[in-house]
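Participant: Chains as they are written, first to last, in our numbering: chain A, 265 to 391; chain B, 11 to 439.
The hints are simulated quantities; they were obtained by calculation from the structure and are not laboratory data.
Any given hint might turn out to be false.
As the list claims (entries may be wrong) - For each label pair, taking beta carbons as the anchor points, the in silico distance ranges come out as:
hint, chain 1, residue 1, chain 2, residue 2, range
1, A, A333, B, R232, 55 to 61 angstroms
2, A, R339, B, L60, 31 to 37 angstroms
3, A, Q351, B, H222, 45 to 51 angstroms
4, A, A356, B, Q85, 54 to 60 angstroms
Think of the CB as a built atom: it goes at the ideal place given N, C-alpha and C, for glycine as much as any other residue.
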Amino acid sequence: MATILVAEDDLHILRVISLWLKRNGHEVAEARTGPEALARLRAGGVDLMVTDVNMPGMTGLDLLATATAEGLLPRGAIVLTSRCDQQEIADAVRAQGGLVHPKPFSPSRLLATIEHKLGAPAAPAAT
Amino acid sequence: MDERLMTPLKERTEAERERGAVATACGGPGPAAIPEAPPVSERTYERLVLENEGLAEEVLRTYEQLNVIFDVTAQVAALTDAQEVKRLLCDRLCAMLRAQGVWCVGGAERDEDFLLGDSLVCGDCPIEAGAHAGVAELARAVRAAPTGRRVQVRTIPLTRAICGAAEAQLMAGPLVDGEGTEPLTVCAVRCKEPFTAGDMMLLDSVLTYGGHVLRNLNLVERLKRTSFEAVRALVNAIDKKDRYTCGHSERVGILARLTGRELKLPAEELQDLEWAGLLHDIGKIGIPEEILNKPGRLTEAEYAIVKEHPQMSYDVLQPVASLSRVLEAVVQHHENYDGTGYPKQLRGDEISLAGRVLHVVDVFDALTSHRSYRAAYDVDRAMKIIRQDAGTKLDPRVVACFATVVERLQRSRPPELEELFGTPVQESH
């Protein structure tokens, strides 16, 4: 079972992503600002991060750059961004080894990308 | 840092419950905006949790639908083929439903035809051999369903008959791709978990949207076909007027397209070439029949009138906006590569590539057709003359490509050219 950190300042989107990932068998940690997310990553045990771009304290891009430099993301990161500014952000994210998903994200695609990054499909959650 | 924000949702909400407070799921824009909620009873708490989950599911479903619509909308402009649209829809459905397979089967009359023709299979769950009857039954059930309940999850025995897997669930719905025709049936197979009401809504909305796209595509296709048929009718009228050139325009159209393909032209230009070929002689409508059908050679004055036909073709077609791309080739189809042709004595690259193609093909078809003053030449003799003219009257590159086309046609050919290549006409010297 993998632990995924979801960094997103919009509470209802954070909850929706959390629910989706948990339902598909993943452990989820949540953060609502960049600094919180970074602290959680530094505390260890996170395999992969799903982050928003615009967050208080630190943008998702700065967070990704710092976390990558510190080697805190063994399985990489997925950056969620709205469609209108996707193009400009995509290059910056790719340069850090991350992947961009547009917002509103496709739940099935997000999951497929996560499972691809984790190497194998995670076991379904016990219900 | 607020420790609360790092704990997983369940533990957190439980901790909050102990404190008698529930964070509002749709709080303000920032992390500071979680208002303190008044204490709630156990029952209210449970209800709120359920409501929250329900809303989250709704959001997930809506996001998924939005993404399919974004995808299809973004790609549909580039997709002009109904089959490609169906494949896109099935691929996306397969991913979003996490299905083992998605099939799109056509509306066949006989059960055994159900998996043939337009059927499309995505994912890695094939339809069982011999499942025709099951698929046909499924399609009938989908068609017979009332409008409000078009998507259905099918009974286990039918599922087994179709996909073999005992534990598989099968969900099916209609894809209405045309007016007045039987809808296609799209079915999804999932083995791991049962389909939910949300999955059914998802399939329904994708099929409704996909149906709109497909119906539009089919309408455009029908309009294109109608205008093409109208042009063919007009061209037939011209060919009928000149008894020596019966079928000439059609053959020039086909041969021009084949030569264009050999020249590696893009699909759009191939279509233009075919239209130019079909229409190049349309100006003959302005030439007196006694000249067109005159037995024996023409006088100089008569020949001068015949030479006006490329410009007349241009004048006839010029008002038709959708044919603007074929005008240049049409007016140039008697221009010679060395500048000795008509009407403008253009030379080399001054003549459009389409014009040069049309000229080679037109000469070939004229040589291989009967004339009032000579019998038709056979293909080999016609090609010999064309090769001799390469570099003078005809563009050598086009001639080389055309020769390849002719060689290929002599081995196998479309039925429309059977007469031309099938029965070599006896020469009369």
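Participant: May I ask which of the numbered hints given earlier this structure violates, with the numbers listed in increasing order?
Facilitator: 3 and 4
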